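So the sequence shown is numbered by my numbering: it starts at 10 and just counts up by one.
A couple of the hints might just be wrong.
Said to hold, decoys possible - Restraint ranges, calculated between C-beta atoms of paired labels, are given here:
1. SER346 to VAL483: 23 to 33 Å
2. ALA347 to ASP170: 20 to 30 Å
3. GLN453 to ASP406: 52 to 62 Å
4. LEU116 to GLU191: 22 to 32 Å
5. ALA347 to VAL483: 15 to 25 Å
In short, the hints are calculated from the structure, not lab data. All figures in this text were calculated on a predicted structure; none of them were measured in a lab. Where a beta carbon is used, it is the ideal one built from N, C-alpha and C, also for glycine.
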Amino acid sequence: MNNSTSIVAIVIGLFVTILCCLCLCLVVAGVFYIVSFPSGTIGPIPVTLDVGNPTQTPVVIRPTPQKTPTPFVREPDPQDTPANEETPTAVEPTLEDVATVSLTDTLAILENEIVPINDVRELALRLEGKEDIPVSLDPPAVPYSVGDQETFWVSNTDTNDNFQVTAVLRYVTPHLYFWVDEDVRYDQRELSSLAEAFERDIYPTNREFFGSEWTPGVDGDEHLYILLANGLGFSVAGYFSSADEYTPQAHEYSNAHEMFMLSAENTDLGDDFTYGVLAHEFQHMIHWYRDRNETSWLNEGFSEVAAFINGFDVGGFDSLFISDPDLQLNDWPNDQSATRPHYGAGFMFLTYFLDRFGDDATKALVADAENGMVSVSQALEDINAVDPQTGELMNADDFFADWVITNYLKDGTVGDGRFTYNNYAAAPQAGETERIRTCPFSEQTRDVSQYGTDYILITCRGEYTLHFEGSTQVGVVPADAYSGSYAYWSNKGDESDMTLTREFDFSDQTGSLTLSYWTWYDLEEDYDYVYVEASLDGDNWQILTTPSGTAEDPSGNSYGWGYNGLSGRTGKWIQEEV
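Build out the structure end to end from the sequences listed, making use of the hints.
This is the structure in C-alpha coordinates:
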(Lines of atoms letter the chains of each structure in order from A; the text may use other names.)
(Lines give C-alpha, C1' and ligand atoms only; values in the text may rest on other atoms or scores of the structure.)
Protein backbone atom coordinates (compact mmCIF):
# COMPACT_ATOMS: atom_id res chain seq x y z
CA MET A 10 0.00 0.00 0.00
CA ASN A 11 1.08 3.59 -0.49
CA ASN A 12 3.17 4.92 2.39
CA SER A 13 0.72 7.76 3.04
CA THR A 14 -2.39 5.62 2.92
CA SER A 15 -4.38 4.08 5.74
CA ILE A 16 -6.88 1.38 4.86
CA VAL A 17 -9.92 0.41 6.88
CA ALA A 18 -10.88 -3.20 6.35
CA ILE A 19 -14.57 -3.37 7.19
CA VAL A 20 -15.45 -6.90 8.19
CA ILE A 21 -19.18 -7.40 8.20
CA GLY A 22 -21.44 -10.35 8.81
CA LEU A 23 -23.42 -10.86 5.63
CA PHE A 24 -24.18 -14.52 6.04
CA VAL A 25 -27.49 -16.20 6.62
CA THR A 26 -28.92 -15.52 10.06
CA ILE A 27 -31.45 -18.09 11.17
CA LEU A 28 -32.79 -18.45 14.71
CA CYS A 29 -34.93 -21.14 16.22
CA CYS A 30 -37.59 -21.54 18.86
CA LEU A 31 -38.17 -25.30 18.61
CA CYS A 32 -36.88 -28.43 16.89
CA LEU A 33 -38.91 -31.62 16.95
CA CYS A 34 -38.35 -35.09 15.55
CA LEU A 35 -41.53 -37.16 15.53
CA VAL A 36 -44.45 -35.25 16.97
CA VAL A 37 -48.20 -35.75 16.66
CA ALA A 38 -49.20 -32.38 15.78
CA GLY A 39 -47.59 -29.55 10.07
CA VAL A 40 -46.04 -26.42 9.17
CA PHE A 41 -42.60 -27.16 10.58
CA TYR A 42 -39.74 -27.37 8.12
CA ILE A 43 -37.24 -30.07 7.28
CA VAL A 44 -33.89 -28.46 7.96
CA SER A 45 -30.65 -29.97 6.71
CA PHE A 46 -27.47 -29.71 8.78
CA PRO A 47 -23.99 -29.76 7.19
CA SER A 48 -21.46 -32.21 8.48
CA GLY A 49 -19.44 -30.92 11.41
CA THR A 50 -20.22 -27.95 13.57
CA ILE A 51 -20.37 -24.48 12.05
CA GLY A 52 -20.07 -21.60 14.50
CA PRO A 53 -23.65 -21.31 15.77
CA ILE A 54 -25.13 -17.98 16.71
CA PRO A 55 -27.08 -17.19 19.87
CA VAL A 56 -30.79 -17.91 19.82
CA THR A 57 -33.26 -15.31 20.95
CA LEU A 58 -37.02 -15.24 20.94
CA ASP A 59 -38.95 -12.24 22.11
CA VAL A 60 -42.47 -13.04 21.05
CA GLY A 61 -45.45 -11.94 23.07
CA ASN A 62 -43.91 -9.81 25.77
CA PRO A 63 -44.80 -6.12 26.08
CA THR A 64 -42.86 -3.94 23.68
CA GLN A 65 -40.89 -1.72 25.98
CA THR A 66 -39.04 1.55 25.97
CA PRO A 67 -36.01 1.12 28.21
CA VAL A 68 -34.85 3.73 30.65
CA VAL A 69 -32.60 6.22 28.91
CA ILE A 70 -28.87 5.79 29.35
CA ARG A 71 -26.70 8.58 27.99
CA PRO A 72 -23.19 7.20 27.42
CA THR A 73 -20.16 9.38 27.77
CA PRO A 74 -18.45 11.19 24.65
CA GLN A 75 -32.35 -3.69 20.43
CA LYS A 76 -42.68 -17.85 -0.47
CA THR A 77 -43.19 -15.30 -2.74
CA PRO A 78 -42.86 -11.76 -1.67
CA THR A 79 -46.21 -10.07 -1.40
CA PRO A 80 -46.97 -6.70 -2.94
CA PHE A 81 -45.66 -3.63 -1.43
CA VAL A 82 -48.14 -1.51 0.48
CA ARG A 83 -50.82 -3.22 2.51
CA GLU A 84 -53.47 -0.67 3.41
CA PRO A 85 -55.87 -2.19 5.96
CA ASP A 86 -59.21 -0.51 6.43
CA PRO A 87 -59.12 1.11 9.87
CA GLN A 88 -62.65 -0.19 10.42
CA ASP A 89 -61.59 -3.80 9.92
CA THR A 90 -60.73 -5.87 12.96
CA PRO A 91 -57.51 -7.87 13.26
CA ALA A 92 -59.60 -11.03 13.21
CA ASN A 93 -60.41 -10.32 9.57
CA GLU A 94 -56.78 -10.66 8.49
CA GLU A 95 -56.04 -13.58 6.21
CA THR A 96 -53.23 -15.88 7.24
CA PRO A 97 -51.32 -17.26 4.24
CA THR A 98 -51.15 -21.01 3.85
CA ALA A 99 -47.63 -22.30 4.29
CA VAL A 100 -46.18 -24.85 1.87
CA GLU A 101 -44.37 -27.65 3.64
CA PRO A 102 -41.91 -30.18 2.22
CA THR A 103 -43.09 -33.78 2.29
CA LEU A 104 -41.12 -36.64 3.77
CA GLU A 105 -40.31 -37.74 0.22
CA ASP A 106 -38.56 -34.41 -0.32
CA VAL A 107 -36.07 -34.98 2.49
CA ALA A 108 -33.57 -36.91 0.41
CA THR A 109 -33.22 -34.02 -2.03
CA VAL A 110 -33.12 -31.12 0.44
CA SER A 111 -29.77 -29.33 0.29
CA LEU A 112 -28.41 -26.41 2.26
CA THR A 113 -29.39 -24.13 -0.61
CA ASP A 114 -32.91 -25.59 -0.68
CA THR A 115 -33.23 -25.10 3.08
CA LEU A 116 -32.15 -21.50 2.81
CA ALA A 117 -34.61 -20.79 -0.01
CA ILE A 118 -37.48 -22.34 1.93
CA LEU A 119 -36.71 -20.36 5.06
CA GLU A 120 -36.26 -17.08 3.19
CA ASN A 121 -39.51 -17.39 1.25
CA GLU A 122 -41.78 -18.81 3.92
CA ILE A 123 -44.51 -16.65 5.45
CA VAL A 124 -44.72 -17.37 9.16
CA PRO A 125 -48.39 -17.60 10.22
CA ILE A 126 -49.62 -14.72 12.36
CA ASN A 127 -51.12 -15.64 15.71
CA ASP A 128 -54.57 -14.63 16.89
CA VAL A 129 -54.97 -14.76 20.66
CA ARG A 130 -58.74 -15.06 20.37
CA GLU A 131 -58.54 -17.96 17.91
CA LEU A 132 -55.93 -19.72 20.04
CA ALA A 133 -58.14 -19.44 23.13
CA LEU A 134 -61.03 -20.93 21.17
CA ARG A 135 -58.92 -23.75 19.75
CA LEU A 136 -56.64 -24.65 22.66
CA GLU A 137 -58.70 -23.80 25.72
CA GLY A 138 -62.08 -24.80 24.35
CA LYS A 139 -63.61 -21.43 25.12
CA GLU A 140 -66.75 -20.38 23.28
CA ASP A 141 -68.29 -17.09 22.19
CA ILE A 142 -65.23 -14.89 22.64
CA PRO A 143 -66.09 -11.49 21.18
CA VAL A 144 -63.65 -9.72 18.89
CA SER A 145 -64.47 -6.38 20.48
CA LEU A 146 -66.62 -4.84 23.20
CA ASP A 147 -69.60 -2.52 22.92
CA PRO A 148 -68.63 1.15 23.01
CA PRO A 149 -69.07 2.93 26.35
CA ALA A 150 -72.58 4.21 26.97
CA VAL A 151 -71.25 7.65 27.94
CA PRO A 152 -67.80 9.20 27.53
CA TYR A 153 -65.47 9.24 30.53
CA SER A 154 -65.01 12.50 32.42
CA VAL A 155 -62.07 13.85 34.39
CA GLY A 156 -62.21 12.39 37.90
CA ASP A 157 -63.65 9.01 36.85
CA GLN A 158 -61.95 5.90 38.26
CA GLU A 159 -61.13 2.57 36.62
CA THR A 160 -59.06 -0.52 37.45
CA PHE A 161 -56.29 -1.62 35.07
CA TRP A 162 -53.85 -4.52 34.79
CA VAL A 163 -50.16 -3.57 34.91
CA SER A 164 -47.13 -5.79 34.24
CA ASN A 165 -43.82 -5.64 36.04
CA THR A 166 -41.46 -6.46 33.19
CA ASP A 167 -38.61 -7.36 35.56
CA THR A 168 -40.54 -10.04 37.46
CA ASN A 169 -43.31 -10.81 34.91
CA ASP A 170 -45.86 -10.25 37.68
CA ASN A 171 -49.28 -8.84 36.76
CA PHE A 172 -51.23 -6.73 39.22
CA GLN A 173 -54.14 -4.29 39.23
CA VAL A 174 -54.14 -0.60 40.06
CA THR A 175 -56.94 1.89 40.55
CA ALA A 176 -56.44 4.95 38.38
CA VAL A 177 -58.12 8.34 38.06
CA LEU A 178 -58.79 10.04 34.72
CA ARG A 179 -56.79 13.29 34.84
CA TYR A 180 -56.96 14.66 31.28
CA VAL A 181 -59.12 14.22 28.18
CA THR A 182 -58.53 15.19 24.54
CA PRO A 183 -60.52 14.15 21.44
CA HIS A 184 -58.28 11.07 21.01
CA LEU A 185 -56.81 10.48 24.46
CA TYR A 186 -57.73 9.51 28.01
CA PHE A 187 -54.79 10.12 30.35
CA TRP A 188 -55.11 8.04 33.54
CA VAL A 189 -52.92 8.23 36.65
CA ASP A 190 -52.48 5.56 39.31
CA GLU A 191 -54.12 6.95 42.46
CA ASP A 192 -50.87 6.33 44.38
CA VAL A 193 -48.72 8.39 41.98
CA ARG A 194 -47.77 12.00 42.64
CA TYR A 195 -47.48 14.13 39.50
CA ASP A 196 -47.50 17.70 38.18
CA GLN A 197 -50.83 18.52 36.52
CA ARG A 198 -49.34 21.24 34.31
CA GLU A 199 -46.69 18.87 32.98
CA LEU A 200 -49.32 16.19 32.39
CA SER A 201 -51.58 18.64 30.55
CA SER A 202 -48.72 19.80 28.32
CA LEU A 203 -47.75 16.20 27.53
CA ALA A 204 -51.34 15.21 26.69
CA GLU A 205 -51.87 18.25 24.48
CA ALA A 206 -48.58 17.62 22.65
CA PHE A 207 -49.69 14.05 21.99
CA GLU A 208 -53.05 15.19 20.61
CA ARG A 209 -51.66 18.10 18.59
CA ASP A 210 -48.37 16.68 17.28
CA ILE A 211 -47.55 13.03 18.01
CA TYR A 212 -50.94 11.54 17.14
CA PRO A 213 -51.21 13.06 13.63
CA THR A 214 -47.49 12.70 12.85
CA ASN A 215 -47.36 8.99 13.70
CA ARG A 216 -50.60 8.24 11.85
CA GLU A 217 -49.49 10.11 8.74
CA PHE A 218 -46.15 8.31 8.65
CA PHE A 219 -46.90 4.82 10.01
CA GLY A 220 -50.64 4.48 9.36
CA SER A 221 -53.66 4.15 11.59
CA GLU A 222 -54.03 2.11 14.73
CA TRP A 223 -57.06 -0.18 15.04
CA THR A 224 -59.90 2.28 15.57
CA PRO A 225 -62.42 2.39 17.17
CA GLY A 226 -60.68 -0.78 18.22
CA VAL A 227 -61.30 -3.47 20.78
CA ASP A 228 -63.31 -1.16 23.06
CA GLY A 229 -65.35 0.57 20.36
CA ASP A 230 -63.87 3.91 21.43
CA GLU A 231 -61.64 6.20 19.37
CA HIS A 232 -59.79 7.33 22.50
CA LEU A 233 -56.37 5.89 23.26
CA TYR A 234 -55.55 5.18 26.90
CA ILE A 235 -52.31 6.19 28.61
CA LEU A 236 -51.73 5.04 32.19
CA LEU A 237 -49.04 6.60 34.40
CA ALA A 238 -48.30 3.99 37.06
CA ASN A 239 -45.69 2.60 39.41
CA GLY A 240 -44.24 -0.90 39.30
CA LEU A 241 -43.56 -1.37 35.58
CA GLY A 242 -40.00 -2.48 36.30
CA PHE A 243 -36.60 -1.03 37.01
CA SER A 244 -35.45 -0.90 33.39
CA VAL A 245 -38.59 0.26 31.58
CA ALA A 246 -39.83 3.75 30.71
CA GLY A 247 -43.06 2.53 29.12
CA TYR A 248 -44.62 -0.35 27.22
CA PHE A 249 -47.37 -1.39 24.85
CA SER A 250 -48.86 -4.85 25.35
CA SER A 251 -50.74 -6.47 22.48
CA ALA A 252 -52.74 -8.44 25.07
CA ASP A 253 -54.75 -5.24 25.57
CA GLU A 254 -55.98 -5.52 21.96
CA TYR A 255 -58.13 -8.53 22.90
CA THR A 256 -61.12 -8.95 25.16
CA PRO A 257 -60.59 -10.37 28.68
CA GLN A 258 -62.25 -13.61 27.59
CA ALA A 259 -59.32 -14.17 25.23
CA HIS A 260 -56.51 -12.98 27.54
CA GLU A 261 -56.93 -12.85 31.29
CA TYR A 262 -54.70 -9.78 31.78
CA SER A 263 -56.17 -7.72 28.96
CA ASN A 264 -57.37 -4.18 29.66
CA ALA A 265 -59.33 -4.30 26.38
CA HIS A 266 -58.28 -0.82 25.26
CA GLU A 267 -55.85 0.64 22.74
CA MET A 268 -53.45 1.46 25.54
CA PHE A 269 -49.87 1.97 26.60
CA MET A 270 -48.21 2.39 29.97
CA LEU A 271 -45.82 5.05 31.24
CA SER A 272 -43.55 4.45 34.23
CA ALA A 273 -44.04 7.05 36.97
CA GLU A 274 -40.75 5.96 38.55
CA ASN A 275 -38.54 6.13 35.46
CA THR A 276 -39.93 9.10 33.52
CA ASP A 277 -40.35 12.81 34.14
CA LEU A 278 -43.54 14.16 32.54
CA GLY A 279 -41.75 17.35 31.56
CA ASP A 280 -38.73 15.67 29.99
CA ASP A 281 -38.24 15.56 26.22
CA PHE A 282 -37.44 11.86 26.45
CA THR A 283 -40.90 11.13 27.91
CA TYR A 284 -42.54 12.77 24.90
CA GLY A 285 -40.45 10.45 22.76
CA VAL A 286 -41.64 7.45 24.78
CA LEU A 287 -45.25 8.23 23.81
CA ALA A 288 -44.28 8.46 20.13
CA HIS A 289 -42.32 5.20 20.49
CA GLU A 290 -45.17 3.23 22.08
CA PHE A 291 -47.82 4.62 19.74
CA GLN A 292 -45.78 3.32 16.81
CA HIS A 293 -45.87 -0.15 18.38
CA MET A 294 -49.65 0.07 18.62
CA ILE A 295 -49.91 1.04 14.96
CA HIS A 296 -47.42 -1.60 13.81
CA TRP A 297 -49.29 -4.33 15.71
CA TYR A 298 -52.37 -3.56 13.64
CA ARG A 299 -50.61 -3.24 10.31
CA ASP A 300 -47.93 -5.95 10.50
CA ARG A 301 -48.48 -7.92 13.67
CA ASN A 302 -45.55 -10.31 13.56
CA GLU A 303 -42.85 -7.90 12.39
CA THR A 304 -39.43 -8.81 13.76
CA SER A 305 -38.49 -7.00 16.97
CA TRP A 306 -35.39 -5.25 15.63
CA LEU A 307 -37.38 -3.53 12.86
CA ASN A 308 -40.38 -2.79 15.07
CA GLU A 309 -38.20 -1.27 17.79
CA GLY A 310 -36.14 0.60 15.22
CA PHE A 311 -39.27 2.17 13.77
CA SER A 312 -40.42 3.18 17.25
CA GLU A 313 -37.15 5.05 17.72
CA VAL A 314 -37.69 6.63 14.29
CA ALA A 315 -41.13 7.72 15.54
CA ALA A 316 -39.50 9.66 18.37
CA PHE A 317 -36.97 11.08 15.89
CA ILE A 318 -39.47 12.35 13.29
CA ASN A 319 -41.47 13.95 16.10
CA GLY A 320 -38.33 15.85 17.10
CA PHE A 321 -37.74 14.16 20.45
CA ASP A 322 -34.73 12.73 22.27
CA VAL A 323 -33.92 9.16 21.20
CA GLY A 324 -32.04 8.48 24.40
CA GLY A 325 -28.44 7.90 23.33
CA PHE A 326 -28.99 4.32 22.20
CA ASP A 327 -27.31 5.09 18.87
CA SER A 328 -24.10 6.01 20.69
CA LEU A 329 -24.23 2.76 22.64
CA PHE A 330 -24.42 0.84 19.37
CA ILE A 331 -21.68 2.81 17.59
CA SER A 332 -19.31 2.30 20.51
CA ASP A 333 -19.39 -1.46 19.81
CA PRO A 334 -20.79 -2.14 16.31
CA ASP A 335 -20.00 -5.88 16.35
CA LEU A 336 -23.65 -6.48 17.17
CA GLN A 337 -26.14 -8.51 15.17
CA LEU A 338 -28.52 -5.99 13.62
CA ASN A 339 -31.36 -8.42 12.99
CA ASP A 340 -31.37 -10.00 16.45
CA TRP A 341 -33.15 -9.09 19.68
CA PRO A 342 -31.91 -10.44 23.04
CA ASN A 343 -34.21 -12.00 25.62
CA ASP A 344 -32.25 -10.20 28.32
CA GLN A 345 -33.75 -6.71 28.52
CA SER A 346 -30.55 -5.29 29.98
CA ALA A 347 -28.77 -6.21 26.73
CA THR A 348 -31.26 -4.56 24.35
CA ARG A 349 -30.18 -0.93 24.60
CA PRO A 350 -27.56 -0.93 21.80
CA HIS A 351 -30.00 -2.91 19.64
CA TYR A 352 -32.45 0.01 19.82
CA GLY A 353 -29.63 2.19 18.52
CA ALA A 354 -28.73 -0.19 15.69
CA GLY A 355 -32.30 -0.50 14.43
CA PHE A 356 -32.80 3.25 14.71
CA MET A 357 -29.65 4.15 12.75
CA PHE A 358 -30.34 1.55 10.05
CA LEU A 359 -33.86 2.86 9.44
CA THR A 360 -32.89 6.51 9.77
CA TYR A 361 -30.30 5.95 7.03
CA PHE A 362 -32.97 4.17 4.95
CA LEU A 363 -35.28 7.17 5.44
CA ASP A 364 -32.53 9.59 4.43
CA ARG A 365 -31.47 7.54 1.42
CA PHE A 366 -34.85 6.64 -0.08
CA GLY A 367 -37.35 9.08 1.44
CA ASP A 368 -40.70 9.07 3.21
CA ASP A 369 -42.69 7.01 0.69
CA ALA A 370 -40.19 4.14 0.58
CA THR A 371 -39.95 4.07 4.38
CA LYS A 372 -43.74 4.07 4.73
CA ALA A 373 -43.85 1.17 2.27
CA LEU A 374 -41.34 -0.72 4.41
CA VAL A 375 -43.53 -0.14 7.48
CA ALA A 376 -46.60 -1.47 5.71
CA ASP A 377 -44.95 -4.44 3.97
CA ALA A 378 -46.40 -7.76 5.12
CA GLU A 379 -42.99 -9.40 4.95
CA ASN A 380 -40.66 -9.26 7.93
CA GLY A 381 -37.03 -8.46 8.67
CA MET A 382 -34.43 -8.27 5.92
CA VAL A 383 -36.85 -9.84 3.44
CA SER A 384 -39.15 -6.83 3.80
CA VAL A 385 -36.18 -4.48 3.31
CA SER A 386 -35.31 -6.22 0.04
CA GLN A 387 -38.97 -6.14 -0.99
CA ALA A 388 -39.24 -2.41 -0.33
CA LEU A 389 -36.08 -1.76 -2.37
CA GLU A 390 -37.49 -3.81 -5.24
CA ASP A 391 -40.82 -1.99 -5.10
CA ILE A 392 -39.15 1.41 -5.50
CA ASN A 393 -36.75 0.03 -8.14
CA ALA A 394 -33.71 1.02 -6.07
CA VAL A 395 -30.98 0.62 -8.69
CA ASP A 396 -27.46 1.36 -7.49
CA PRO A 397 -26.07 3.99 -9.90
CA GLN A 398 -22.55 2.66 -9.33
CA THR A 399 -23.34 -0.90 -10.40
CA GLY A 400 -26.56 -0.57 -12.38
CA GLU A 401 -27.97 -3.46 -10.33
CA LEU A 402 -31.12 -3.56 -8.23
CA MET A 403 -30.18 -3.27 -4.56
CA ASN A 404 -31.22 -5.77 -1.93
CA ALA A 405 -31.03 -5.64 1.88
CA ASP A 406 -27.43 -6.87 1.95
CA ASP A 407 -26.32 -4.17 -0.49
CA PHE A 408 -27.99 -1.52 1.62
CA PHE A 409 -26.50 -2.96 4.81
CA ALA A 410 -23.00 -2.70 3.30
CA ASP A 411 -23.56 0.96 2.41
CA TRP A 412 -24.87 1.61 5.91
CA VAL A 413 -21.85 0.20 7.74
CA ILE A 414 -19.52 2.24 5.51
CA THR A 415 -21.62 5.32 6.23
CA ASN A 416 -21.32 4.77 9.97
CA TYR A 417 -17.53 4.93 9.64
CA LEU A 418 -17.08 7.61 6.98
CA LYS A 419 -20.06 9.88 7.66
CA ASP A 420 -18.88 12.05 4.79
CA GLY A 421 -21.18 13.21 1.99
CA THR A 422 -18.23 14.26 -0.18
CA VAL A 423 -17.12 10.66 -0.74
CA GLY A 424 -18.29 8.90 -3.91
CA ASP A 425 -21.79 9.87 -5.01
CA GLY A 426 -22.67 11.36 -1.62
CA ARG A 427 -24.44 8.34 -0.16
CA PHE A 428 -22.17 7.86 2.85
CA THR A 429 -23.73 10.35 5.26
CA TYR A 430 -26.85 11.07 7.31
CA ASN A 431 -28.28 14.21 5.72
CA ASN A 432 -31.29 14.00 8.04
CA TYR A 433 -29.32 13.38 11.23
CA ALA A 434 -26.23 15.53 11.49
CA ALA A 435 -25.79 14.50 15.13
CA ALA A 436 -25.50 10.79 14.25
CA PRO A 437 -22.54 9.29 16.14
CA GLN A 438 -19.58 8.16 14.03
CA ALA A 439 -17.88 4.78 14.35
CA GLY A 440 -14.14 4.48 14.87
CA GLU A 441 -11.85 1.56 14.21
CA THR A 442 -12.36 -1.41 16.49
CA GLU A 443 -8.78 -2.62 15.84
CA ARG A 444 -5.56 -1.07 14.52
CA ILE A 445 -2.78 -3.00 12.75
CA ARG A 446 0.52 -1.09 12.58
CA THR A 447 3.06 -3.79 11.69
CA CYS A 448 3.06 -5.87 8.49
CA PRO A 449 3.44 -8.51 7.31
CA PHE A 450 1.93 -10.69 9.97
CA SER A 451 1.01 -14.33 10.18
CA GLU A 452 -2.48 -15.68 9.72
CA GLN A 453 -4.84 -14.33 12.35
CA THR A 454 -8.37 -15.36 13.25
CA ARG A 455 -11.17 -12.93 13.99
CA ASP A 456 -14.90 -13.33 14.41
CA VAL A 457 -17.77 -10.96 13.74
CA SER A 458 -21.48 -11.22 14.44
CA GLN A 459 -23.93 -11.91 11.66
CA TYR A 460 -24.95 -8.49 10.31
CA GLY A 461 -22.39 -6.98 12.68
CA THR A 462 -19.29 -4.94 11.88
CA ASP A 463 -15.60 -4.75 12.81
CA TYR A 464 -13.60 -1.76 11.54
CA ILE A 465 -9.90 -2.72 11.25
CA LEU A 466 -7.52 0.14 10.50
CA ILE A 467 -4.28 -0.94 8.75
CA THR A 468 -1.52 1.69 8.90
CA CYS A 469 1.50 -0.35 7.77
CA ARG A 470 4.09 1.37 5.58
CA GLY A 471 4.73 -0.26 2.23
CA GLU A 472 2.66 -2.34 -0.19
CA TYR A 473 0.98 -5.54 0.95
CA THR A 474 -1.77 -7.89 -0.13
CA LEU A 475 -4.66 -8.55 2.22
CA HIS A 476 -5.91 -12.13 1.93
CA PHE A 477 -9.29 -12.83 3.53
CA GLU A 478 -11.14 -16.11 4.01
CA GLY A 479 -14.47 -16.39 5.78
CA SER A 480 -17.16 -18.98 6.28
CA THR A 481 -20.14 -18.82 3.95
CA GLN A 482 -22.31 -20.89 6.28
CA VAL A 483 -23.78 -20.41 9.71
CA GLY A 484 -25.65 -22.80 11.96
CA VAL A 485 -29.43 -22.68 11.89
CA VAL A 486 -29.54 -23.26 15.63
CA PRO A 487 -26.83 -23.68 18.29
CA ALA A 488 -27.17 -27.45 18.10
CA ASP A 489 -26.65 -30.18 15.52
CA ALA A 490 -29.45 -32.52 14.51
CA TYR A 491 -29.83 -35.16 17.21
CA SER A 492 -29.25 -37.90 14.65
CA GLY A 493 -28.57 -37.88 10.94
CA SER A 494 -28.66 -34.65 8.96
CA TYR A 495 -32.26 -33.47 9.34
CA ALA A 496 -34.70 -32.17 11.92
CA TYR A 497 -38.09 -30.49 11.91
CA TRP A 498 -37.85 -26.80 12.77
CA SER A 499 -40.65 -24.42 13.64
CA ASN A 500 -39.05 -21.28 12.23
CA LYS A 501 -38.94 -18.17 14.42
CA GLY A 502 -41.25 -15.21 14.69
CA ASP A 503 -42.89 -12.69 16.96
CA GLU A 504 -46.68 -12.80 17.43
CA SER A 505 -46.69 -16.02 15.37
CA ASP A 506 -48.34 -19.44 15.47
CA MET A 507 -46.40 -22.38 14.03
CA THR A 508 -47.73 -25.95 13.95
CA LEU A 509 -46.55 -29.41 12.88
CA THR A 510 -49.30 -31.97 12.25
CA ARG A 511 -48.98 -35.65 11.34
CA GLU A 512 -51.77 -38.19 10.93
CA PHE A 513 -51.35 -41.84 12.06
CA ASP A 514 -53.61 -44.84 11.51
CA PHE A 515 -53.84 -46.92 14.70
CA SER A 516 -57.02 -48.78 13.78
CA ASP A 517 -55.19 -52.12 14.07
CA GLN A 518 -53.69 -51.28 17.47
CA THR A 519 -55.08 -52.15 20.89
CA GLY A 520 -54.15 -50.84 24.31
CA SER A 521 -52.31 -47.67 25.19
CA LEU A 522 -50.02 -45.79 22.81
CA THR A 523 -46.76 -44.00 23.59
CA LEU A 524 -45.19 -41.25 21.54
CA SER A 525 -41.41 -41.00 21.94
CA TYR A 526 -39.39 -38.17 20.44
CA TRP A 527 -36.29 -36.01 20.91
CA THR A 528 -36.71 -32.26 21.15
CA TRP A 529 -34.58 -29.12 21.47
CA TYR A 530 -36.02 -25.70 22.23
CA ASP A 531 -35.14 -22.20 23.36
CA LEU A 532 -38.28 -20.25 24.28
CA GLU A 533 -38.61 -16.88 25.98
CA GLU A 534 -39.29 -17.69 29.61
CA ASP A 535 -42.85 -16.99 30.79
CA TYR A 536 -43.98 -15.72 27.36
CA ASP A 537 -43.60 -18.37 24.65
CA TYR A 538 -44.95 -21.91 24.82
CA VAL A 539 -45.07 -25.03 22.67
CA TYR A 540 -47.69 -27.72 23.12
CA VAL A 541 -47.99 -31.37 22.14
CA GLU A 542 -51.60 -32.12 21.21
CA ALA A 543 -53.53 -35.20 20.11
CA SER A 544 -56.89 -35.62 18.38
CA LEU A 545 -59.07 -38.55 17.36
CA ASP A 546 -61.03 -36.63 14.74
CA GLY A 547 -58.81 -33.73 13.70
CA ASP A 548 -61.28 -31.20 15.09
CA ASN A 549 -61.09 -31.60 18.85
CA TRP A 550 -57.61 -31.48 20.36
CA GLN A 551 -56.23 -32.36 23.78
CA ILE A 552 -52.99 -30.87 25.12
CA LEU A 553 -50.83 -33.71 26.44
CA THR A 554 -48.81 -33.56 29.65
CA THR A 555 -45.15 -33.87 28.69
CA PRO A 556 -42.43 -34.74 31.25
CA SER A 557 -40.52 -31.48 30.77
CA GLY A 558 -43.49 -29.17 30.34
CA THR A 559 -44.99 -26.73 32.81
CA ALA A 560 -48.35 -25.35 33.88
CA GLU A 561 -46.84 -22.10 35.18
CA ASP A 562 -48.24 -19.07 33.37
CA PRO A 563 -47.32 -15.72 34.96
CA SER A 564 -47.89 -13.74 31.76
CA GLY A 565 -51.27 -15.25 30.85
CA ASN A 566 -49.87 -16.36 27.48
CA SER A 567 -50.09 -20.12 28.02
CA TYR A 568 -53.10 -22.21 27.01
CA GLY A 569 -52.22 -25.29 29.04
CA TRP A 570 -49.34 -27.63 29.75
CA GLY A 571 -46.45 -26.62 27.49
CA TYR A 572 -42.73 -26.34 26.95
CA ASN A 573 -41.07 -23.09 28.04
CA GLY A 574 -37.53 -21.84 28.58
CA LEU A 575 -34.57 -24.04 27.63
CA SER A 576 -34.80 -27.75 26.93
CA GLY A 577 -32.97 -29.65 29.65
CA ARG A 578 -32.51 -26.27 31.41
CA THR A 579 -29.32 -25.66 29.42
CA GLY A 580 -30.58 -25.93 25.85
CA LYS A 581 -29.84 -29.53 24.88
CA TRP A 582 -31.65 -32.36 23.13
CA ILE A 583 -33.94 -34.25 25.50
CA GLN A 584 -36.01 -37.38 24.99
CA GLU A 585 -39.71 -37.17 25.86
CA GLU A 586 -42.47 -39.76 26.06
CA VAL A 587 -46.21 -39.20 26.31
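Results for each hint:
A hinted range of 23 to 33 Å for the beta carbons of SER346 and VAL483 is consistent with their spacing of about 26 Å. Distance hint for ALA347 and ASP170: a CB-CB separation of about 21 Å, consistent with the stated range 20 to 30 Å. For GLN453 and ASP406, the Cβ-Cβ distance of about 25 Å falls outside the hinted range of 52 to 62 Å, so the restraint is violated. Restraint check, LEU116 to GLU191: a C-beta distance of roughly 55 Å breaks the suggested window 22 to 32 Å.
The hint said 15 to 25 Å for the Cβ distance between ALA347 and VAL483, and at roughly 20 Å that hint holds.
When held up to the earlier numbered hints, the structure conflicts with 3 and 4 and fits the remainder.
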